[in-house]
Amino acid sequence: MDMSQYLDIFLDEAKEHLQNLNEQMLLLERDINNLDIVNEIFRSAHTLKGTSATMGFNNMATLTHEMENLLDLVRNHKMKVDSRIIDTIFSSLDILDQMVISISNGGDDSLDATEMINSLRSISSGESAEGKDQNSSSALGNGREDFLFDEYDRTILKQSIESGYSVYKILVTIEAETILKSARAFMVFHELEKYGEIIKANPPVEDLEKEDFGDHFSIILISKNQLEQVKEAVMSISEILDVNISTVTKKDLELETEDSKDIKKIEEKSQNNNSTKIQANKVSGKMVRVDIERLDELMNLFSELVIDKGRLDALANDLRNPILTDIVEHMSRISSSLQTNILNLRMVPIEQVFNRFPRMIRDLSKELNKKVNLSIIGADTELDRTVIDEIGDPLVHILRNAVDHGLESVEDRVKNNKPETGEIILKAYHSGNFIFIEITDDGKGINREKVINKAIEKGLITPESTINLTEKQVYELLLKPGFSTAERVSDISGRGVGLDVVKSKIESLGGFISIDSKLGKGTTFTIQLPLTLSIISSMLVQVQEEKYAIPLSSIIETAIVKKDEILYVQNQEVINFRGKIVPLVSLKKVFDVPNSTNDDSDEVAIVLVRKREKVAGLVVDSFIGQQEIVLKSLGTYLSQVFAISGATILGDGQVALILDTNALIK
Amino acid sequence: MGKSILVVDDAAFMRMMIKEILTKNGYEVVGEAGDGAEAIEKYKELKPDLVTMDITMPEKDGIEALKEIKQLDPNAKVIMCSAMGQQAMVIDAITAGAKDFIVKPFQADRVIEAISKALG
Numbered sequence: 000m001d002m003s004q005y006l007d008i009f010l011d012e013a014k015e016h017l018q019n020l021n022e023q024m025l026l027l028e029r030d031i032n033n034l035d036i037v038n039e040i041f042r043s044a045h046t047l048k049g050t051s052a053t054m055g056f057n058n059m060a061t062l063t064h065e066m067e068n069l070l071d072l073v074r075n076h077k078m079k080v081d082s083r084i085i086d087t088i089f090s091s092l093d094i095l096d097q098m099v100i101s102i103s104n105g106g107d108d109s110l111d112a113t114e115m116i117n118s119l120r121s122i123s124s125g126e127s128a129e130g131k132d133q134n135s136s137s138a139l140g141n142g143r144e145d146f147l148f149d150e151y152d153r154t155i156l157k158q159s160i161e162s163g164y165s166v167y168k169i170l171v172t173i174e175a176e177t178i179l180k181s182a183r184a185f186m187v188f189h190e191l192e193k194y195g196e197i198i199k200a201n202p203p204v205e206d207l208e209k210e211d212f213g214d215h216f217s218i219i220l221i222s223k224n225q226l227e228q229v230k231e232a233v234m235s236i237s238e239i240l241d242v243n244i245s246t247v248t249k250k251d252l253e254l255e256t257e258d259s260k261d262i263k264k265i266e267e268k269s270q271n272n273n274s275t276k277i278q279a280n281k282v283s284g285k286m287v288r289v290d291i292e293r294l295d296e297l298m299n300l301f302s303e304l305v306i307d308k309g310r311l312d313a314l315a316n317d318l319r320n321p322i323l324t325d326i327v328e329h330m331s332r333i334s335s336s337l338q339t340n341i342l343n344l345r346m347v348p349i350e351q352v353f354n355r356f357p358r359m360i361r362d363l364s365k366e367l368n369k370k371v372n373l374s375i376i377g378a379d380t381e382l383d384r385t386v387i388d389e390i391g392d393p394l395v396h397i398l399r400n401a402v403d404h405g406l407e408s409v410e411d412r413v414k415n416n417k418p419e420t421g422e423i424i425l426k427a428y429h430s431g432n433f434i435f436i437e438i439t440d441d442g443k444g445i446n447r448e449k450v451i452n453k454a455i456e457k458g459l460i461t462p463e464s465t466i467n468l469t470e471k472q473v474y475e476l477l478l479k480p481g482f483s484t485a486e487r488v489s490d491i492s493g494r495g496v497g498l499d500v501v502k503s504k505i506e507s508l509g510g511f512i513s514i515d516s517k518l519g520k521g522t523t524f525t526i527q528l529p530l531t532l533s534i535i536s537s538m539l540v541q542v543q544e545e546k547y548a549i550p551l552s553s554i555i556e557t558a559i560v561k562k563d564e565i566l567y568v569q570n571q572e573v574i575n576f577r578g579k580i581v582p583l584v585s586l587k588k589v590f591d592v593p594n595s596t597n598d599d600s601d602e603v604a605i606v607l608v609r610k611r612e613k614v615a616g617l618v619v620d621s622f623i624g625q626q627e628i629v630l631k632s633l634g635t636y637l638s639q640v641f642a643i644s645g646a647t648i649l650g651d652g653q654v655a656l657i658l659d660t661n662a663l664i665k
Numbered sequence: 000m001g002k003s004i005l006v007v008d009d010a011a012f013m014r015m016m017i018k019e020i021l022t023k024n025g026y027e028v029v030g031e032a033g034d035g036a037e038a039i040e041k042y043k044e045l046k047p048d049l050v051t052m053d054i055t056m057p058e059k060d061g062i063e064a065l066k067e068i069k070q071l072d073p074n075a076k077v078i079m080c081s082a083m084g085q086q087a088m089v090i091d092a093i094t095a096g097a098k099d100f101i102v103k104p105f106q107a108d109r110v111i112e113a114i115s116k117a118l119g
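Residue numbers (numbering that gives the first Met the number 0), protein chains in the order written: chain V, 0 to 665; chain S, 0 to 119.
Hint data in this document are derived by calculation from the structure and do not stem from the laboratory.
Virtual Cβ for every residue (Gly too), placed ideally from N, Cα, C.
You may find that some hints are simply not true.
[Unchecked claim] Okay, derived cross-link-like pairs now, DSS-like style, lysine-lysine, Cα gap no bigger than 27 Å in a straight line:
#1 S:K23 with S:K46
#2 S:K76 with V:K230
#3 V:K14 with V:K365
#4 V:K209 with S:K23
#5 S:K23 with V:K193
#6 V:K587 with V:K546
#7 V:K180 with S:K46
#8 S:K59 with V:K14
[Stated by the list, open to error] Pair by pair, the computed Cβ-Cβ distance ranges are:
#9 V:E210 with S:A95: 19 to 27 Å
#10 V:G391 with S:S115: 48 to 56 Å
#11 V:D7 with S:K23: 48 to 56 Å
#12 S:S3 with V:I322: 24 to 32 Å
#13 V:S632 with S:L118: 51 to 59 Å
[Claimed, not checked] If you want the footprint, here are the derived chain S segments under chain V, 3+ residues with CB under 8 Å:
#14 1-15
#15 72-84
#16 89-97
Produce the entire structure from the sequences given, and follow the hints as far as they go.
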């Protein structure tokens, strides 16, 4: 069967299960005697095993199988959870994670997991009461088909024959590839018990139960039924290759020699499934999985519709036909709620990003020997899928920093009268058109002097300029390229990749990052992100015949200034705006817009934009107004156009380019 | 028309797999359920000729669901879907009245063999 079509859904579910496993393991680590959690972990591992085996990822299946074995021992009270088990399972999860990543990148699961499998096995077998003795029992499979009856057996069989029963010797061969052979054998027993009484089995029942047999076994059955009926009954069970039945006569019995082996009925092991109910942590709603590309497509189509709506709008305004106006107004209302709906479809809870952090913090705190408690607030806050995909790495970086540099060692904390366990709070919330993510630690805070000294040392600032720096400005130095305050380069953070990378990532998402800190009390990183990247609020401006959109998030204000107020500093046009010298950038010059109208007014329109603390004035011809626009990329061929981040189609069908103001301010 | 079958498994992936195998072989999958409780509801509603029932599921596992379905309808034909290493549970299920079991990873011919034998 072609499996490739299932790959996506397989990967999706595998990731969910791994996430669940990690979460549950963290819970288990805190509450090691909670068998409900063990059961939940077991169940997840089990499903993962099944699906990966089906997809043919046998390495994954083997690893999960070993995990499951170990967990099975735990949940059946044969083993206690200890840190070794937890660590080993965590490491196994990491390997599984890597396998899944490799598979989703078009690879396979061929990662070497032997070591992990072996250590899982050694834990299972080392302390397991059920360690299988490989050398037990005779060479089965090719074994003796003949039974050795003891005196007691013989007496019973003879009596049975005398009272009119038949004694059948039944040789059952099951298909070679059968999995769960002993359950298959049990089905045979179960079926045969309807026809009579099973006296003996070879190999003995204990071995059948342990799956310690080849592809066949034999049974002695006392029955009143005809041989054919019995045969048919056994053959009706699936995976049975062949059944060979012969009748045992009194004569046969007399020839038997003595042997003593007892018969045990197959014990019906009652798994205590009923006692261990797993609390449902997810209410399974009616869900449909949709490819994000389809949503993009939907959004695209919708924006085409918005364009036509805009044209209708304009038409209705001109014609002043009340009926048409009515229809257009209704359409406007519907399309705006449609837009909200479509945007909501793209929204995913930030949980998806957050939920891998508890595990990460746990590992970090172990590695660094610090005690850390991570609280997550607002994990259900939703934001655009495209942002979600990008925000993970920057957050990892900041969190690592918080644990590594922010929090003090346990000894230092005790010395400073702080609780041994450091607190890190990860909080997400909505505000206006933005989502805020705050990472707060109660560590040592940022040392102003240290930062300044370091910055001078690195040549980022001059000693003279430090006197007037505000706290904020000092902290911002941390975000500069080439800055790292860590005295030593640890394994955790400070690998040469500084916070500047975090900053540029967040800015590329249209967001901001700021730092706030109190020495000795802790540090807070605040990230502000736009709710969505596909629809942005913008200001439309006119430059000659062309229209441009400037994202509202980067605009400070607009102004009209007299031409004679424009000054020149080193051949650069500037204005004195509210006591500040602001350089002017003429969009007409930057984009080489052809002249079409004579410019004879004595005023210029300026849009003041900022990039962090820097401000610039963009000279335009006129302001058109504020508008929500649908961002469309320029495609791969034009992705490198200077200072343009995309394009949008306006209501009248015209195309407006969207400015990337960050590129205009150097 | 093919015999009607209800497919129960908590993994949507597995349901899809079984469904494909069944549909290709002329059976009609009349419903799907993601856990034991849903399976019982669906059974009452659809009265399928046969149920394929996963053993490990959240909330209500396959064996509990099997037992309840058997109570509702002693003639219900249920085939358990298990994985390697679930010997004991399979045996439990057979005792509780399951017709047969199939083992993951599924092989189409095995699945069909079990189902046709159970229905026949």
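A95 of chain S and E210 of chain V - C-beta distance against the hinted 19 to 27 Å:
The hint (19 to 27 Å, Cβ to Cβ) holds, given that E210 of chain V and A95 of chain S are roughly 21 Å apart.
Restraint status (C-alpha distance of K180 of chain V to K46 of chain S at most 27 Å)
31 Å, violated
Is K76 of chain S within 27 Å of K230 of chain V, Cα to Cα?
22 Å, holds
Pairwise hint evaluation, K46 of chain S against K23 of chain S, where the allowed Cα distance is 27 Å at most:
22 Å, holds
Look at the Cβ atoms of S632 of chain V and L118 of chain S and judge whether their distance stays inside 51 to 59 Å.
Holds, since S632 of chain V and L118 of chain S (Cβ atoms, about 55 Å apart) stay within the stated range.
Within 27 Å, alpha carbon to alpha carbon, are K59 of chain S and K14 of chain V?
Holds, at roughly 23 Å.
Are there at least three residues in the segment 72-84 of chain S whose beta carbon sits under 8 Å from a beta carbon of chain V?
Three-residue rule met by the segment 72-84 of chain S, so holds; n is 4.
Range hint compliance [Cβ, G391 of chain V to S115 of chain S, 48 to 56 Å]:
49 Å, holds
Quick check: does the Cβ-Cβ distance between S3 of chain S and I322 of chain V fall within 24 to 32 Å?
53 Å, violated
Is K14 of chain V close enough to K365 of chain V, meaning Cα to Cα at most 27 Å?
24 Å, holds
For the segment 89-97 of chain S, do three or more residues have a beta carbon lying closer than 8 Å to a beta carbon of chain V?
holds (count 5)
State whether the coverage of the segment 1-15 of chain S by chain V holds or is violated, taking the criterion as 3 or more residues with Cβ-Cβ distances under 8 Å.
Result for this restraint: holds, n = 6.
Checked against the numbered hints listed earlier, the structure breaks hints 4, 5, 7, 11 and 12; every other hint is satisfied.
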